[in-house]
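*Asks:* Each chain is listed here by its residues.
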Amino acid sequence: MMKKKQHVLIEHYLIPAVLFMLNICLVHFVYLLVAGIGHNIAYAAALAIALLAMGGALLLKRKSYLIFSIAFYLLLLLGPFSGLLNPLH
Amino acid sequence: MSSTGKANMKKNLYWRLHHWVGLYTGILIGILSLTGALAVFIPEIDAWILKNHYAATSTSTAGTIRFGNSVHTLAQQYPNYSSMMINLPETEGQVASVDLIVPSAGKGSERHDFLIDVGGDRIVAWRNHQNSLANYLRQMHVRLYEGYWGRQLVGLGGIGLAVVAITGLAIYGNFMKKQAWPAIRQKANIRIIMADWHKMLGISALAFNLVIALTGAWLGLQPQLMRWFNITTPNAYKAPVIMEPDADRALVVDWQKALSAVKKEFPDLDPRHLLPSTNGSATITVRGNINGLIYERNINTLVLSKTTYEPIFKYDVRNQSMADKFYFIQEALHFGDFGGLALKIIYAFLGLTSGFLSISGFVIYIYRRGKKKQAPDRVMKIVFAYSMLVLLFLVTIALVSLFVGYAEASFLAGIIINVLLLALLAYTLVRYVMRKRQAAKIAG
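From first to last, the protein sequence lines are chains A and B. Note that the first sequence covers residues 1 to 89 in our numbering. Note that the second sequence covers residues 1 to 444 in our numbering.
This is chain A alone, in the form it adopts within the complex (with noise of 0.2 Å):
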């Protein structure tokens, strides 16, 4: 039963959501790459890690990667947002 639920979890809810934020991330990325690595080479590794770690989260299919992989790329992608983060200055 326990394991029904994981898979239901996983398959069903975190790999979609991780494979929605992979397409984000992956566009931003290579947009970056184009436009504004110069300015803050930080913030394009963080980016770089981000689609490394949902890449491997989709591979190694745990809950706690899959989880972890999202809210990093979200915090990367709203902290600019916030004023947490700026990546073109």
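Keep in mind the hints are simulated off the structure, nothing from the lab. For glycine and all other residues, C-beta sits at the position ideal for the given N, C-alpha and C. Some hints here could point you the wrong way.
[Stated by the list, open to error] Incomplete in silico selection of chain B near chain A, CB under 10 Å: (1) Lys178; (2) Leu206; (3) Ile294; (4) Phe338; (5) Ile346; (6) Leu350.
[To be verified] Computed Cβ-Cβ distance ranges for the label pairs, DEER-style: (7) B:Glu408 with A:Ala45: 49 to 57 Å; (8) A:Ala45 with B:Ala385: 48 to 56 Å; (9) A:Leu77 with B:Leu225: 26 to 34 Å; (10) A:Ala45 with B:Thr428: 48 to 56 Å; (11) A:Leu78 with B:Tyr24: 31 to 39 Å; (12) A:Gly56 with B:Ile345: 22 to 30 Å.
Got chain A sorted already, so can you dock chain B onto it with the hints?
*Replies:* Structure of chain B alone, referenced to chain A:
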């Protein structure tokens, strides 16, 4: 009703929506997917054609561009032109082009592209703007070459894609059960294999397809929505008329002075288009981009006086409201025009997934319709025939547009699309009435 029953009803509704919306918009989504994957490369394809087909290259070095004499010659050769737009080269070695619209007796107007070597300031080639491959790719993706309501149809296709993407996500879990992403059951029959690919690619490119769908729906329905909700283009500016149109056209512009004024007044602007006025306002509208921003091309604007080169109006998207920025982000997000060639390749690849989803969805539909007794080769023949008909349509319109004319291609596309739409509507209506009658007979 129990909560499980309600949840099942909801899932059933989502499935029905996914099924029917996918079926009726699938062919449109397929066409838009293929043309969209090509449309993202329009500037690159056009630059390649200019260089290799028209042998139009520039001898300019060290970024100095000169085109004033060529533009002046054209203005004298076509003194009654109604519009002139100078498109500056994007990279070294490329030519500038002058997009000239000239009224023509009996034909309405003619649209020319004159290509200028910005090193030697000389006209090196000419082409009919409307009949170019770049124009075909854009018009086919934007309005299916149908001038009356083609753009709205494309917008409806965008809504259709958004609906199938959202409902697909809602029913994804139901169809996965014990399956794991990205497993494909290779030893199963073709329906199962197609269904697995459909689910795997659909969920993998969901965010991308949703963005394409929503921005596409807005761009397609934009003229109607702007009319209904009284939305105006944010960077629109109308300079007051101060002289006769003929006198305005006759004014000679020092383009080097104009470009220097742009550099001084709007240093971050990378000017792409220069539009001298023809209505008597005696202005030069300069449109261009600010590097590194995700907005539609050429929306930043500087309007200069044609006589003094003083700025009259400036539109810098960075200083505008969120609403303006949101308005101008749509096209860039839709065409992936903000991350160089690498992003365009990603866009083309992900964009083709919606085309594959419409084909795989159609295969699954044919199997289901035949109560799973369809012979695989028959199903594939049907899908192949539909795909070939779509390709035939695209290639025929392309050939007519390139070698006969834009108007003729548009006329032909209009007939094909509208006849097909009418036939589909009639078929659906007849089928609905027949079913109702049959149901009434059984009940009676």
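*Asks:* Does each hint fit the structure? Answer for all of them.
*Replies:* To see whether the hints hold, each was checked on the structure:
1. Hint status for Lys178 of chain B relative to chain A: holds, with the closest Cβ pair at about 7 Å, below 10 Å.
2. The beta carbon of Leu206 of chain B is positioned within 10 Å of a beta carbon in chain A (closest approach about 6 Å), and the interface hint is therefore held.
3. The interface hint given for Ile294 of chain B holds, since its Cβ lies 7 Å from the closest Cβ of chain A, which is under the 10 Å cut-off.
4. A hinted interface residue such as Phe338 of chain B counts as satisfied when its beta carbon comes closer than 10 Å to some beta carbon of chain A; here the least separation is about 6 Å, so the hint holds.
5. Here the hint on Ile346 of chain B is kept, as its CB sits about 6 Å from the closest CB of chain A, short of 10 Å.
6. With its C-beta approaching chain A no nearer than about 7 Å, Leu350 of chain B sits inside the 10 Å limit, and its interface hint holds.
7. The beta-carbon spacing between Glu408 of chain B and Ala45 of chain A, approximately 55 Å, falls within the hinted interval of 49 to 57 Å.
8. Checked against the hint of 48 to 56 Å, the pair Ala45 of chain A and Ala385 of chain B passes, with Cβ atoms roughly 51 Å apart.
9. For the pair Leu77 of chain A and Leu225 of chain B, the beta carbons lie near 28 Å from each other, so the given range of 26 to 34 Å is met.
10. Evaluation of the 48 to 56 Å hint for Ala45 of chain A and Thr428 of chain B yields a pass: the beta carbon distance comes to about 55 Å.
11. Between Leu78 of chain A and Tyr24 of chain B the CB atoms are about 37 Å apart, so this pair conforms to the stated range of 31 to 39 Å.
12. Distance hint check for Gly56 of chain A and Ile345 of chain B: the Cβ-Cβ separation is about 24 Å, which falls inside the suggested range of 22 to 30 Å.
Consistency note: the structure conflicts with none of the earlier hints.
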